[in-house]
Amino acid sequence: MNPPILCSLRNGETAVCSQESGVSFEQFRTLLGKGIEAGHRLSALFVVPDDSFDGARLVAVLARPMSGDLQMIGCAVGSSYPALTPGIPAAHWFEREIFEQWGIRPEGHPWLKPIRFQPPRSRSGGRPSLLLPTVGVTEFFRVEGEDVHEVAVGPVHAGVIEPGHFRFQCHGETVYHLEISLGYQHRGIERAVGEGNSPRMRHYIETLAGDSTIGHATAYCRVLEGLAGVRPSPRAEAVRMIAAELERLANHIGDLGAMAGDVGFLPAASYCGRIRGDVLNLTAELCGNRFGRGLIVPGGTGFDLDQTLESELKRRLDDIEADALSAIEQLFETPSVLARFDGVGEVSESLARQIGLVGVAGRASGLPCDVRSEFPYGFYQFVHVPVCTWGTGDCLARALVRRMEIQQSFAAIRALLQSLPADRSPPAVMTLAPRRWVASLTEGWRGEICHVAATDDEGQLAFYKVVDPSFHNWFGLACAMRDQLISDFPLCNKSFNLSYCGHDL
Amino acid sequence: MTPAFSFVSFGLAITLSPLLLGVIQKTKAFFAGREGAPLMQPYFDFVKLFRKGGVYSRTTSWVFWAGPIANLAAALLSLTFVPLGRIPAPAAFPGDVFMVAYSLSLGRFLMVLAALDTGSAFEGMGASREVRFSLLAEPVFFVSVLTLAVVTQGASLSEIYGTLPRHMVHQGISTIWLAGGAVALVLLVENARIPVDDPTTHLELTMIHEAMVLDHGGIDIGFVQYGAALKLWMFSALVAGAFFPFSSARPFLEVMGGIGGVFAVAVAVGIVESSMARLRLIRVPQLILLAGVLALMALLWAAR
Numbered sequence: 091m092n093p094p095i096l097c098s099l100r101n102g103e104t105a106v107c108s109q110e111s112g113v114s115f116e117q118f119r120t121l122l123g124k125g126i127e128a129g130h131r132l133s134a135l136f137v138v139p140d141d142s143f144d145g146a147r148l149v150a151v152l153a154r155p156m157s158g159d160l161q162m163i164g165c166a167v168g169s170s171y172p173a174l175t176p177g178i179p180a181a182h183w184f185e186r187e188i189f190e191q192w193g194i195r196p197e198g199h200p201w202l203k204p205i206r207f208q209p210p211r212s213r214s215g216g217r218p219s220l221l222l223p224t225v226g227v228t229e230f231f232r233v234e235g236e237d238v239h240e241v242a243v244g245p246v247h248a249g250v251i252e253p254g255h256f257r258f259q260c261h262g263e264t265v266y267h268l269e270i271s272l273g274y275q276h277r278g279i280e281r282a283v284g285e286g287n288s289p290r291m292r293h294y295i296e297t298l299a300g301d302s303t304i305g306h307a308t309a310y311c312r313v314l315e316g317l318a319g320v321r322p323s324p325r326a327e328a329v330r331m332i333a334a335e336l337e338r339l340a341n342h343i344g345d346l347g348a349m350a351g352d353v354g355f356l357p358a359a360s361y362c363g364r365i366r367g368d369v370l371n372l373t374a375e376l377c378g379n380r381f382g383r384g385l386i387v388p389g390g391t392g393f394d395l396d397q398t399l400e401s402e403l404k405r406r407l408d409d410i411e412a413d414a415l416s417a418i419e420q421l422f423e424t425p426s427v428l429a430r431f432d433g434v435g436e437v438s439e440s441l442a443r444q445i446g447l448v449g450v451a452g453r454a455s456g457l458p459c460d461v462r463s464e465f466p467y468g469f470y471q472f473v474h475v476p477v478c479t480w481g482t483g484d485c486l487a488r489a490l491v492r493r494m495e496i497q498q499s500f501a502a503i504r505a506l507l508q509s510l511p512a513d514r515s516p517p518a519v520m521t522l523a524p525r526r527w528v529a530s531l532t533e534g535w536r537g538e539i540c541h542v543a544a545t546d547d548e549g550q551l552a553f554y555k556v557v558d559p560s561f562h563n564w565f566g567l568a569c570a571m572r573d574q575l576i577s578d579f580p581l582c583n584k585s586f587n588l589s590y591c592g593h594d595l
Numbered sequence: 057m058t059p060a061f062s063f064v065s066f067g068l069a070i071t072l073s074p075l076l077l078g079v080i081q082k083t084k085a086f087f088a089g090r091e092g093a094p095l096m097q098p099y100f101d102f103v104k105l106f107r108k109g110g111v112y113s114r115t116t117s118w119v120f121w122a123g124p125i126a127n128l129a130a131a132l133l134s135l136t137f138v139p140l141g142r143i144p145a146p147a148a149f150p151g152d153v154f155m156v157a158y159s160l161s162l163g164r165f166l167m168v169l170a171a172l173d174t175g176s177a178f179e180g181m182g183a184s185r186e187v188r189f190s191l192l193a194e195p196v197f198f199v200s201v202l203t204l205a206v207v208t209q210g211a212s213l214s215e216i217y218g219t220l221p222r223h224m225v226h227q228g229i230s231t232i233w234l235a236g237g238a239v240a241l242v243l244l245v246e247n248a249r250i251p252v253d254d255p256t257t258h259l260e261l262t263m264i265h266e267a268m269v270l271d272h273g274g275i276d277i278g279f280v281q282y283g284a285a286l287k288l289w290m291f292s293a294l295v296a297g298a299f300f301p302f303s304s305a306r307p308f309l310e311v312m313g314g315i316g317g318v319f320a321v322a323v324a325v326g327i328v329e330s331s332m333a334r335l336r337l338i339r340v341p342q343l344i345l346l347a348g349v350l351a352l353m354a355l356l357w358a359a360r
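Keeping their order, the protein sequence lines are chains Y and B.
If you want my numbering, it's the position in the first sequence, counting the first as 1, plus 90.
If you want my numbering, it's the position in the second sequence, counting the first as 1, plus 56.
The set of hints was computed from the structure by calculation and includes no laboratory data.
We put the CB at the ideal spot given by N, CA and C, even for glycine.
Hints should not be assumed to be uniformly reliable.
[Claimed, not checked] Which chain B residues face chain Y? A few, computed with CB under 8 Å, are given here:
no., residue
1, Thr-83
2, Phe-86
3, Ala-88
4, Arg-90
5, Ile-125
6, Ala-126
7, His-258
8, Leu-259
9, Thr-262
10, Glu-329
11, Ser-330
12, Arg-336
13, Leu-337
14, Pro-341
[What the hints assert, rightly or not] Pair by pair, the computed Cβ-Cβ distance ranges are:
no., chain 1, residue 1, chain 2, residue 2, range
15, Y, Met-494, B, Ala-129, 53 to 61 Å
16, Y, Gln-497, B, Val-111, 48 to 56 Å
17, Y, Ser-440, B, Gly-274, 36 to 44 Å
18, Y, Gln-471, B, Lys-104, 18 to 26 Å
19, Y, Gly-198, B, Gly-273, 43 to 51 Å
[Stated by the list, open to error] Partial chain B-side listing against chain Y, Cβ under 8 Å, derived:
no., residue
20, Phe-87
21, Gly-89
22, Ala-177
23, Val-323
24, Ile-327
25, Val-328
26, Arg-334
Model the full assembly from the supplied sequences, consistent with the hints where possible.
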């Protein structure tokens with residue numbers, strides 16, 4: 091299952107495994123560097139153990155918005171290679187992951203330390219060693235000097251949220267540097283999914299990042315559908331799109347409410363919190379689960395909606411829209427809230443491009459990155475959802491992008507409900523083609539979700555790679571906090587609202 | 057006015073101050089479209105906390121547990137000099153406003169020591185913020201009370217508030233309201249309310265007052281919160297006294313009017329908290345500066 095040397099694919103299209111040894115590393119680096127310079131995004135960078143020799147393959151998936159396709163590049167590497175990060179900052183986190191997982195050292199990497207504290211994976215495919223590193227025990231960046239002090243937050247936090255460790259180097263109230271240390275939620279999902287087909291896979295994927303169930307499940311199902319050469323019915327695609335937009339609505343509304351709560355603006359916080367629940371209940375009407383578990387299955391959808399449910403959804407959506415828009419308007423019409431959001435946690439467009447921000451955070455910095463319109467998949471090929479961007483890259487921009495996307499999502503769902511395709515064919519049986527590679531991109535509510543998979547000679551999944559948008563964006567949060575007040579961190583954090591478990595896998 | 061009513065008003069302050077927190081919470085719940093916790097919830101909380109023991113880190117010393125007790129004692133001491141409406145306080149002497157302010161400061165100082173005793177980064181940060189903002193609020197408070205003293209020619213708080221003009225057409229009313237406005241802003245700063253601090257937040261990094269008491273639990277946090285409730289009562293009484301100089305021939309009605317004024321202030325605090333977001337921490341001194349300008353204007357007006 092060696093990766094293809096160099097090929098361009100449409101989103102979800104498969105490529106045949108190659109028998110050759112790939113491009114040379116120099117070529118690999120040049121291709122990547124030129125691609126990034128031309129405005130392409132590094133969607134994934136990972137290592138695959140090689141069947142034929144005692145090395146491994148370094149694989150990059152470049153998303154090329156201009157041509158609307160994905161480029162997969164493979165090259166052979168030994169136990170070390172010259173690090174890409176100094177030239178391509180977006181590779182920073184990926185190379186740390188590679189070093190941690192496979193022990194392949196990117197020489198010259200500026201800050202090579204674990205990201206998840208997982209035991210190294212053995213290249214022969216066996217179980218990992220039982221010597222577990224202790225999560226969070228590592229070197230941290232330190233600022234020395236008079237009056238400089240260190241504030242450590244977490245991994246246990248005051249609210250009911252996931253665990254993560256944040257270390258601030260402060261001077262008085264000003265943050266010089268923030269270092270984020272995660273890994274507390276590592277469950278080994280990639281390895282479990284890459285070990286073959288089992289009915290449990292879908293559930294692993296659905297709970298990979300619980301709030302992005304639809305996004306990840308869609309990416310996973312599109313991987314399998316690509317490998318099996320199956321196309322879901324248009325109706326199933328439309329239902330998937332409704333579910334994806336409902337997920338976006340629920341989370342964006344919840345986020346705006348949470349941001350209001352963080353600045354102590356009570357009314358919007360309370361209303362948005364309730365409305366988020368109302369949207370989740372719509373998803374529950376579709377499939378019986380508020381997060382959409384079991385709705386997206388390989389080949390189609392696990393549930394369909396009938397005439398009564400359709401009109402019920404339409405009716406409730408109208409009520410929710412009126413409530414949501416008025417609550418959000420209240421938020422954006424309160425001067426004290428705007429003063430609080432404005433200019434806090436700025437990430438400039440050039441920095442965002444360099445470190446490879448995706449999703450809401452990227453769009454707030456002015457990058458027009460949206461998989462739905464760049465690499466349309468499923469029903470997004472027929473319905474165009476406008477890309478919402480804002481240029482300032484601060485908390486206000488991230489809130490405004492969410493507000494615009496909420497409006498777009500309401501419109502998109504309503505349009506879909508008015509003209510649902512009629513055919514109701516059941517999901518097809520999946521038989522995966524052997525020795526294939528596939529990369530599937532979807533736009534989760536947080537941003538670009540990338541799943542890459544390969545099958546072995548028997549047509550079983552042999553390799554699986556997940557890149558959650560949080561993986562790209564956590565470093566963006568650290569950058570946003572530079573020279574900010576430490577008391578603004580919770581607001582910045584909420585404006586990114588990244589997933590810990592999506593990062594830790 | 058008989059001294060008996062002074063002690064009645066002191067007793068009411070001690071028993072009703074937790075209800076003030078309940079009223080603020082209920083007001084906020086109303087504006088958020090929620091049912092909200094029962095009005096009596098602060099009492100339930102205090103009963104719960106006072107039945108608990110404390111948990112102490114091995115790195116702390118006696119300073120840690122002595123802080124909340126001393127703070128509560130300082131608050132009670134201050135309360136004996138604060139009049140309710142036109143009812144004089146149980147004790148009074150010329151210049152007792154300094155006694156009130158510095159007794160509160162002493163309590164805060166001991167709380168800061170208790171916070172630093174833990175050696176935690178959060179507590180140190182919270183203590184530094186708390187001290188910085190109260191340092192700025194202190195002169196504003198003095199100038200405001202001085203203004204009222206100039207208007208009424210009184211020397212002690214009880215004298216000042218006992219002789220505040222009774223009707224709106226009095227020529228000094230605008231001065232009194234300006235000074236009262238400054239005291240109201242000081243109330244928000246001193247009692248950790250929005251827009252200065254968010255008493256309901258769970259985010260340690262944004263806290264001012266709460267960050268300082270993160271490590272206190274059980275009966276100790278009970279002392280801290282009860283002390284805070286008393287302090288809120290005192291400031292509310294001072295604000296209400298300036299804005300609603302209610303007067304009646306009957307002391308009973310006078311007491312009722314004073315209490316009504318205090319709860320009206322609580323409702324106003326709840327409305328402020330529901331209608332705006334917190335300021336950025338760096339902008340808080342500007343709010344205090346605004347209060348200072350109001351107080352100075354009032355003083356100039358009064359001394360004209």
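Numbers of the earlier hints that this structure fails to satisfy, in rising order
Structure breaks hints 1, 2, 5, 6, 14, 17, 18, 23, 24, 25.
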